[in-house]
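So the chains spell out like this:
4 protein chains.
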Amino acid sequence: MAVTSRDNAIFEAGIKLGALYHQFVGTPLSLHTVDSLEKAIAQSISVQPYVKSITVHIDREMVKESLTSFGYTELKGTMLKVDATIKYENHEVSVGLSLKDGYPLMYIKDVKET
Amino acid sequence: MAVTSRDNAIFEAGIKLGALYHQFVGTPLSLHTVDSLEKAIAQSISVQPYVKSITVHIDREMVKESLTSFGYTELKGTMLKVDATIKYENHEVSVGLSLKDGYPLMYIKDVKET
Amino acid sequence: MAVTSRDNAIFEAGIKLGALYHQFVGTPLSLHTVDSLEKAIAQSISVQPYVKSITVHIDREMVKESLTSFGYTELKGTMLKVDATIKYENHEVSVGLSLKDGYPLMYIKDVKET
Amino acid sequence: MAVTSRDNAIFEAGIKLGALYHQFVGTPLSLHTVDSLEKAIAQSISVQPYVKSITVHIDREMVKESLTSFGYTELKGTMLKVDATIKYENHEVSVGLSLKDGYPLMYIKDVKET
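Residue numbers (this note's numbering), protein chains in the order written: chain C, 1 to 114; chain F, 1001 to 1114; chain S, 2001 to 2114; chain G, 3001 to 3114.
Hints are computed from structural coordinates only; laboratory data are not their basis. Built from N, CA and C at the ideal position, the CB exists for glycine as well. Honestly, I wouldn't trust all of these hints.
[Stated by the list, open to error] Label pairs and their computed distance ranges (CB to CB):
1) F:Thr1055 with C:Lys52: 30 to 38 Å
2) G:Lys3112 with C:Gly71: 20 to 28 Å
3) S:Leu2105 with G:Leu3067: 37 to 45 Å
4) G:Lys3112 with S:Leu2105: 21 to 29 Å
5) G:Ser3066 with C:Leu67: 35 to 43 Å
6) C:Val3 with S:Leu2099: 43 to 51 Å
7) G:Leu3067 with S:Thr2068: 34 to 42 Å
8) C:Gly102 with F:Asn1090: 50 to 58 Å
9) S:Lys2052 with F:Asp1110: 18 to 26 Å
10) F:Thr1055 with G:Val3003: 43 to 51 Å
11) F:Ser1066 with S:Leu2099: 31 to 39 Å
Generate the whole structure from the sequences, applying the supplied hints.
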C-alpha cells in the first residue's frame, strides 16, 4: 500500500518519542535541576523535523523518593510525562508518553487532517 | 479521527528506530567488535513489543576510515543500515534507516494488511 | 602537583566505568538477550585505550523480576556487576561497579606498579 | 597499594567525564538550543557526588557547520569543551575535555591538596 502523509506524520511522532526516551533516560538529576532538564529535553526534541510542539514534565515526587544519600538520582522512564504534536504535510498527530500500570507507555492520542 | 491498527503499527515502528539510534550512537567499536555490536543492537530492539524482524548492518568501511590512532571509533548514525518489520494486529510495516545525502534517514518502505 | 602515571591509570579507569554506565543503561533486554548484551558491553569498553581486561555481568534474577508483561525490561545500573583492569604505563588499576546499599557503586579495588 | 584520597578524587573525575560524554553525545541541537543544552549538561553533572564546579561549552561554529537541511544537528564529542573540578576529602583535581588532533581528549590538568 502507498505510504500516506498520515503514515509519515505518525512515523515521525514515534521516532521522536523513542529518541527522547533513549537519549535522556539515565541523566543525573536533582530537585534543583529538574526544571532545566525538562527544558533541555523539550528543546532538543523540538529542533527535529516536523515537531509542532512538545511539553516535558518530570514527576518531582518520584524524583524526591528516589534520591540517593548523595542527594541526586537518575531520570527514569517512569518519571516522564510527555505530550507532543507532530505535523507532516496536512496531517497533525498528537502523541503522549506517560505512566500506565507501572510502565512508561507511548501512545497516539489523536490524528487530524489540517 | 479514530486511531487505527495501521497507525499503531507505524507508530511502533518509529519508536523502535528512534530508540535504536539514540541508545547506541556513541558506542565505542572497532573492526573486531562490529559483529558483536550489530547482533546486540538487533537483539535489544527485537525484544521490544511488535517487532517481527530486524537486521542491523554497520558500514565497516566507514568504521575503518574513522578509527583513531588508538584503533577504535564510536558508532555514528551515518554508519547504520537498519531494516525492520513491525507487526501490530493485522498490519505489518517495513521501515528502514540508511544514509541519504549524507544524512541518516528513517523512512517507511511498505505497509500491508495481513 | 605533577600528574603521575598512577593518576592517569586511575583517571582512565573512571572514564571507562562512567562511559559504560551512561552508554548502556536503558538498553532493552530480555533473558534471551542478556548474554549477547553482556558480551557487547564488555567488547565496546575493551576497544578503548588502556583497557587490559573487563568482565560484565548482568543479574538475571533482577532482569526476571523487572520483566514487563511484554517479556522485556531495560538495563538498570543496579543490575550491573563490572570488573575492569586498566593499564597505563607502569601502573595497573583494578576497578569495580556493583550494587552497594541499593546503589550502583563504582570503586577502586587495587592499584599496583608493574 | 592502599587507595588514597588523591586516587579517589581522580577516579571520580574520570567517571564524571565518561558519564557526560556518553549520556549526551547524540542529543539533537540547533544554534537556538545550544545555551540550554550547555546548562543542562553542566547541571546534570554537578548534582553528582564530589563535583565542585563544571563548565560546559559547545562550539557554535561546529554546530553551524554540521547543521542539516532541517536546521539541526547532533551533539558530537568534538564539539565539547568541558572543565571540571572534583573535590574528594582533601584533594582537588581539575580535569578537561577538549579537541586535540581531531580527537575529543580527556585529561588531568592539576591535582592539589587542600
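Verification of the hints:
A hinted range of 30 to 38 Å holds for the C-beta pair Thr1055 of chain F and Lys52 of chain C, which are about 33 Å apart. With their beta carbons about 25 Å apart, Lys3112 of chain G and Gly71 of chain C fall inside the hinted range of 20 to 28 Å. Checked against the given bound of 37 to 45 Å, the beta carbons of Leu2105 of chain S and Leu3067 of chain G, roughly 41 Å apart, stay inside it. For Lys3112 of chain G and Leu2105 of chain S, the Cβ-Cβ distance of about 26 Å falls inside the hinted range of 21 to 29 Å, so the restraint holds.
Checked against the hint of 35 to 43 Å, the pair Ser3066 of chain G and Leu67 of chain C passes, with Cβ atoms roughly 37 Å apart. Between Val3 of chain C and Leu2099 of chain S the Cβ separation comes to about 47 Å, which falls inside the hinted range of 43 to 51 Å. Look at Leu3067 of chain G against Thr2068 of chain S: about 38 Å separates their beta carbons, and that is inside 34 to 42 Å. Roughly 29 Å separates the CB atoms of Gly102 of chain C and Asn1090 of chain F, a value that falls outside the hinted 50 to 58 Å.
At roughly 48 Å, the beta carbons of Lys2052 of chain S and Asp1110 of chain F sit outside the given window of 18 to 26 Å. Between Thr1055 of chain F and Val3003 of chain G the CB atoms are about 46 Å apart, so this pair conforms to the stated range of 43 to 51 Å. One distance hint, 31 to 39 Å for the beta-carbon pair Ser1066 of chain F and Leu2099 of chain S, holds here, with the actual separation near 36 Å.
Violation of the numbered hints given earlier is confined to hints 8, 9; the remaining hints are satisfied by the structure.
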